[in-house]
Structure formats: structure tokens, C-alpha cells
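With chain A fixed as given, assemble chain B onto it according to the hints.
Number of protein chains: 2
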Amino acid sequence: MDYTFSDRVSQLKPSAIREILKFTSVPGIIPFAAGNPAPEAFPVEEIQKLSQEILSQNPILALQYSITEGYTPLREHLETYMKQKHNTGRDFDNIIITAGAQQVMDLSAKALCNEHDTVICENPSFIGSLNAFRSYNLKLCGIEVEEDGMNMEKLEQALKTEQNVRFIYTIPNFQNPSGVTMSFEKRKQMYQLAKKYNVIIIEDNPYGDIRFSGQDIPTIKSLDEDGIVIYAGSFSKVLSPGLRVGFCIAPEQIISKLVVCKQVSDVHTGIFNQILAYEFMTRCNYESHLERIRSIYRHKARLMMDLIEQHLTPYVTYTKVEGGLFTWCRLPDSVDMLQFCKAAIDKGVAVVPGTAFCMSADEPSQCFRLNYSTPTDEQIVKGLELLGQTIKSII
Amino acid sequence: MDYTFSDRVSQLKPSAIREILKFTSVPGIIPFAAGNPAPEAFPVEEIQKLSQEILSQNPILALQYSITEGYTPLREHLETYMKQKHNTGRDFDNIIITAGAQQVMDLSAKALCNEHDTVICENPSFIGSLNAFRSYNLKLCGIEVEEDGMNMEKLEQALKTEQNVRFIYTIPNFQNPSGVTMSFEKRKQMYQLAKKYNVIIIEDNPYGDIRFSGQDIPTIKSLDEDGIVIYAGSFSKVLSPGLRVGFCIAPEQIISKLVVCKQVSDVHTGIFNQILAYEFMTRCNYESHLERIRSIYRHKARLMMDLIEQHLTPYVTYTKVEGGLFTWCRLPDSVDMLQFCKAAIDKGVAVVPGTAFCMSADEPSQCFRLNYSTPTDEQIVKGLELLGQTIKSII
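Order-wise, the sequence lines are chains A and B. Mind the numbering: the first sequence is residues 2 to 396 in this note's numbering, read in order. Mind the numbering: the second sequence is residues 2 to 396 in this note's numbering, read in order.
Isolated chain A, as found in the complex (with noise of 0.2 Å):
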């Protein structure tokens, strides 16, 4: 039989940089490609005892159907959590429980968008929110990221001459890829201009609790008294990515109408992970769990740019990260960036190339991603060593 594809489906193609990506789980790779939460961050302990737990006094609560909102206990409890913590939600807000923050990201683009519609993005932004916007054969409109966040004079030119601009897609802390924060002053400018322009803002905002240095700056959804903010967040690097459980934070209106398209996408999200996401968040000292992971990740992200420092400067400039869990990294202008990330690889180092996260493949880019949450202190130690030398015998 010969197959036909959605028009949608059929532009997702594979790329050149899959290819490079293929060897990020080939044994004995060092993995800086990844992403991965570092595996000593899970609550291994509490979680096989809150299961246990779950499974011997509520068995049929956990194993049975249930509501497409989400466990009720988990939904209140974010919210009030949230609300005191973050400042987001008011009285037309509501909240559902999904899975992970990746399904806010297809659910809106299903609920907001018709096909050919624009978004836009931060440039770079995550590939995995790209491609959601992708397969619902969106126009993404990237817009360059600069030290403190999208330059804001070209987000209101694109929103000013851009066609059918549904919403502005935005990771304001420690961006994937570039690991950049967006200033206040910047997160207020986005929400000025997208009341302006009449446009929703889709804050994607994993890693918030992972600041591992210098102070928190108010969420977008902090400012929200007109409804124009989507909130993403998830459990995924504060627990566990393999559980799949985050949740979204908008308008009632908003809300309802995602909650149609999950009930006909997988009913609901796995409702044990669902209790023990709550049952951790409200047993478990979470407060105290949250500074040991920083302090994880503090130690890691410290190493690797020490090692940046030390291997890769001055031919490398790089982002020195606050949280999250990568750093970008830029080539001198003389350097070919595919030819540098595939030598890596040759030398036994796996590397994102930039391009992964343009708007198209054919974009150039100077950058690659190093990830810090995934390997070992040793293979950190020994990455940069060999990524120095890849660079050494490049220039």
C-alpha cells in the first residue's frame, strides 16, 4: 500500500542534525547532548515508600479511571502553592494536571491555532515545543534572544507585521537552549505588548525551581490581571520526567477547551503519578528537596563553566547559567559548527549543534548546547578536556 500523510505530518522531516543526534546514546559517548535530570536528583527513598503507600490503602483510586482535570487534591494544592510561591492565578483562572509540560505546548497549539497560523518563539527555543507548533503546520517567527531575553523591539515589529499571531512562546528562565534569563523589565515589556497586540503568552517554565544562584524574578503570570498567560509547568526535573505529570495554569475559558482536547488524547494523565506527585509535594519536606537539587545542579553547572573557562576560552564564549540545566556555547566566526560537533563525536563527545534549535535547519548558527545534569563529574572532567582538544585542532 502506498501511504499518504496529513500535510501536517508530512513536513516534519528529519534533519541533518539527527544524524549527530543519533550518536548522543551510543555506549561510551559522553553525554552532554542529553537532558536528563542528573539520576541522584530522584527521591528514590520517599517514592517507594509513598507508592507502597498509595497502593496498599488506595489501591482502586490509583488503578482506576479518571477525571480529565486532573487528581482534585494535586490541582488545589498547585494552586495555592503557586499562588503563594509564584503569585499566579486569579479568579478567572483555573488549572489542569497533563503530561508533562510537552502536552500544554501540543494541547494549546491544537486549541488556539487553525494550520498556517504564526507563532513566536524565542530564537533559539526548545525542539520539542518547535516541533509541536510544527505539527500543527504553524509559521514559527523567531525572534533573537539576547542577554536578558527576546529584544523587544523586534518581538513588536514581528507582532506589529506578522499574520494571524495566536501567541508568543517564551522559556523566561534559564532558556533551553541558550540558558538565558529574561530581566523583569523585559517580562513586563512581553506582557504590555501582547495585551497590546491582543496575543496570549505561553510561559514555559521548567526549570523556575532550579535557580541554583543570584535571585528569582518574578513569573509572567505574576502580572496577569487581564488573562493573557498560559502557565507550563512541570514535575519533570523537581521529580521525576519518567512519571509525565505538569500542569497548565490559565484562564478558565482557556482551560475548558484544553481539557476538550486531552479527554480525546489520552483521557487523562496516569493517576497513581498523579497521588504521588501530590502525596510528595505535601509529605515530603518539599522545600528541602527542591534546595538539594540545586545544590546538585549548582555543583555540576559551576564545574562544567570552570572547565569552559579552563579548555574552552577564548575561543568559546558561553552563557554562565543561574539554573537549569545547560549552557550554550559560541564558535569563532572561522569555525564550521557542524564540522566542530561531529570532531567532538569523533573524540568521543556528544554535543547539540545550534541548528537543532532554530526556526529551520538551513538557519546558520555559531552555537551548541552542553548539558550538565546528565553526566558524571568524571565525564564532565574528561568532556572538556576532549572538547578543548577538539577545538585546538580546529582553529
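A couple of the hints might just be wrong.
Put simply, identical chains are the same to the list, so a pair is met inside one copy or across any two.
[To be verified] Computed cross-link-like contacts, DMTMM-like style, restricted to lysine to aspartate or glutamate with a CA-CA straight-line distance of at most 25 Å:
id : residue 1 : residue 2
1  : K140      : E116
2  : K140      : D8
3  : K50       : E280
4  : K383      : E148
5  : K189      : D3
6  : K196      : E186
7  : K196      : E147
8  : K140      : D92
9  : K140      : E386
10 : K197      : D3
11 : K189      : E292
12 : K161      : D8
13 : K84       : E292
14 : K196      : D307
15 : K140      : D3
16 : K343      : D3
17 : K161      : E226
None of these hints come from the bench; they were simulated from the model.
Quick look at chain B alone, frame taken from chain A:
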């Protein structure tokens, strides 16, 4: 802010039957409108034991990110099991683990259909699948369900005359809601028609393993030498729906597109849940577990059918079911079906009006669906007595 939603989602309107469905979760109402597996069918002790083992022996695997295709041992085991038991899968086929069978419908519609394409469904059919197709703005073409499945003449007529038919959606075993099982003859005819008109078949088989009387009929997928059948299976009815684990066996070219769509939707299905399904299948005498479930539903179905005979006939005709979770009743033409359903609610019994399963909410229906897996035996006895009073008060 004034919210604008996508065309595909805007046309998903709440309907009149929602008003009745709302009552189904009211405490004290006898839940014949539900679709939950019987709580006593869950293998609680085995799940407790296996969960503890998984989280103590392999916690990082169970908590870390995993691959979109699904947990490899589960995929391999299911391939072998399904091949041996149902003769599904050829060299050109592959398998993906999904968030229940519901996600197979979502991903398949997304990957195979452009907006306004046509899908052919049994009329009546499962509302969750119909809504999944509607959510991609697809045209639903319903084909009458007879005692032995779809009317094949009408199916061929539709294949000849409808524009851009992308697939035929069928639940061949103990169809939801009609309870009908498609004959082997019709399965072969449907396969040949699909082949002749170059259209894919989605075979949704969540109830296949819950046959409690009569003989198994080969799956349509077992006939598939040409790569035209997408088979959807699920652990929801045989292990636990709360885990959200299902699977899809289909030609590799299709599976690879479903993988792309799933990756941008939820990254992967909860990995702990997948490991649990695998361990349960391979270590807990799966066949005797299925036999135990069948005996639970055999008992409940017979109890309900005996009481229908006692209280509802001759006014009502119904499907004598051999498996699954539902039976389907037809009221005499003189009775207003929605009025009957409302009167039943007033008596304290919730049933689902047949229009819920039609291609359009405006279609007339004289039918209603009864579920026997959720209510207790006492509720079945009491509920049928009340439905008997209801029909007699209306007739």
C-alpha cells in the same frame, strides 16, 4: 481578553446529552452510564508487589526519561504475544506504546488526515474516538451496525461516493456501544473493501480479551498481508485504566509517523506504568488473570441480561452480548428516548442516551447503553427494577 479558538476545537460543542451525563456521577445514582472496569477485576496484590520490586530494583529506569516508542521489553513481549495469540504483525509491522488506545485514535487522525477528510465509522460508535476525529475537523460518515457488524453494501457505497476517505474505524469485538461482534465473513469483506479502495482500517480492540462466551473470531489485523490495518490494543480493561498504557501495531511507515506525533504530544508514556504492565504480563500468569476477569464479567452480564428479560422485555429489545462491558437496548418507537433517559435519572438510574454515539447529536435514536462492569450486583438488581418501573410508567 476575547479568546479565539481554532476552528477544529470551536466546533466541538457541548450537547444536550451532556446534561444527562452530568448526573452519572451524582452520589446515589446507579451508574449504568459508566464505563469503568469492575474494581474487583484489578490485580491489586500483584501490582503492589511488582511496584515495590520495580522501585527497589530499578528505580532510575522507572523514573527517568524514556524513549517515545515505548519500553523495549514490553514492545517485544507484546509483539510475540499478539503474534501467537492473534496472528497480528508481519515483517513490515512495528509497535508503539501509547497512553491508552485513545491516543492511537488521536495520533492516527493527526498523522493520516487533513482537515475535512472523511473517516468511516460504525453508527453508533465510541464517543471518545468520534470526538478525537472531530477534534481534527474530520467528516464522520456513519454506517449502520447490524447484528453481525457494519452493513457491507453501505460501506462499499460510502467508499465509492465519499470524498477523501482516509480510514475505516471499527471496534469488531463487543462494540461500544452496540455490544455487537463483527462476523468473520464481514471482517474479510471489510479487509477486501479497504484494499480495493486503498483505505486504511483502524481496528480498535479494547475488549477482545474479555470474551466470556462463544468463540474468538480472528482479528482483522490477522488478515493483514498488505499493510492496511492499524491495530489498537489496551491494558485499560484487562489490568488498569488509571495506568494509561495501550499499544498500536501497524506498518512501520505509519508507526514512524505516530512516533513523531507522540514525541511532540507527551514525549513518552509513563515508564513506570509500562514496566509494571510488562512485569505483570510476564510474571503473573496472565492467562489465568484474564480468565478471572472474564468470569467476573460473565456473571455481571448474565445477571443484567436476565433482569432485562424480567423487567424490560417485551418493550425493550437488547443485544445478547458475549463479551465487553456494555449492552445496548432499543425502546419501542412510541417512546421518546431522551424522555425515558430523563425519567430514569429521576428514578435514580443513569443510562447513556443513544444519541451520544451517533455521528451527529441531531440524529434520532431509540437506543440507550447499559454498563454492567461498574455497578455492584445489588445495583444491577435494583437498577433494572427501577428501569422496569420507568418503562412501564412511560409506555
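We went through each hint and held it up to the structure:
In this assembly of identical chains, K140 and E116 lie within 25 Å of each other by CA distance both inside one copy and across copies; the values are 8 Å within and 17 Å between. Proximity of K140 and D8 under a CA criterion of 25 Å is satisfied in both settings, with 14 Å inside one chain copy and 17 Å between copies. Taking the closest pair of Cα atoms, K50 and E280 come within 25 Å of each other both inside a single copy (11 Å) and across two copies (20 Å). In this assembly of identical chains, the alpha carbons of K383 and E148 never lie at most 25 Å apart, being 29 Å within a copy and 69 Å across copies at closest.
Taking identical chains as interchangeable, the C-alpha atoms of K189 and D3 lie at most 25 Å apart only when they sit on different chains, with a minimum of 21 Å there against 52 Å within one chain. In this assembly of identical chains, K196 and E186 lie within 25 Å of each other by CA distance solely inside one copy; the values are 16 Å within and 61 Å between copies. Proximity of K196 and E147 under a CA criterion of 25 Å is satisfied intra-copy only: 22 Å inside one chain copy versus 55 Å between copies. For a Cα distance limit of 25 Å, the shortest separation of K140 from D92 qualifies neither inside one copy, at 33 Å, nor across copies, at 38 Å.
Proximity of K140 and E386 under a CA criterion of 25 Å is satisfied in neither setting, with 40 Å inside one chain copy and 59 Å between copies. Within a single copy, K197 and D3 get their C-alpha atoms only as close as 49 Å, which misses the 25 Å cut-off; across copies the closest is 13 Å, which meets it. Proximity of K189 to E292 under the C-alpha cut-off of 25 Å is found in neither arrangement, the shortest distances being 28 Å within a copy and 62 Å between copies. Taking the shortest alpha-carbon separations for K161 and D8, only the inter-copy value of 24 Å comes in at or below 25 Å, while the best intra-copy value is 28 Å.
Proximity of K84 and E292 under a CA criterion of 25 Å is satisfied intra-copy only: 20 Å inside one chain copy versus 50 Å between copies. Within a single copy, K196 and D307 get their C-alpha atoms no closer than 42 Å, and across copies no closer than 63 Å, so neither meets the 25 Å cut-off. In this assembly of identical chains, the alpha carbons of K140 and D3 lie at most 25 Å apart only when taken from different copies (22 Å versus 29 Å within one copy). Proximity of K343 to D3 under the C-alpha cut-off of 25 Å is found in neither arrangement, the shortest distances being 36 Å within a copy and 49 Å between copies.
Only within a single protomer do K161 and E226 lie at most 25 Å apart by alpha-carbon distance; the minimum there is 23 Å, versus 55 Å between protomers.
The structure shown violates the earlier hints numbered 4, 8, 9, 11, 14 and 16.
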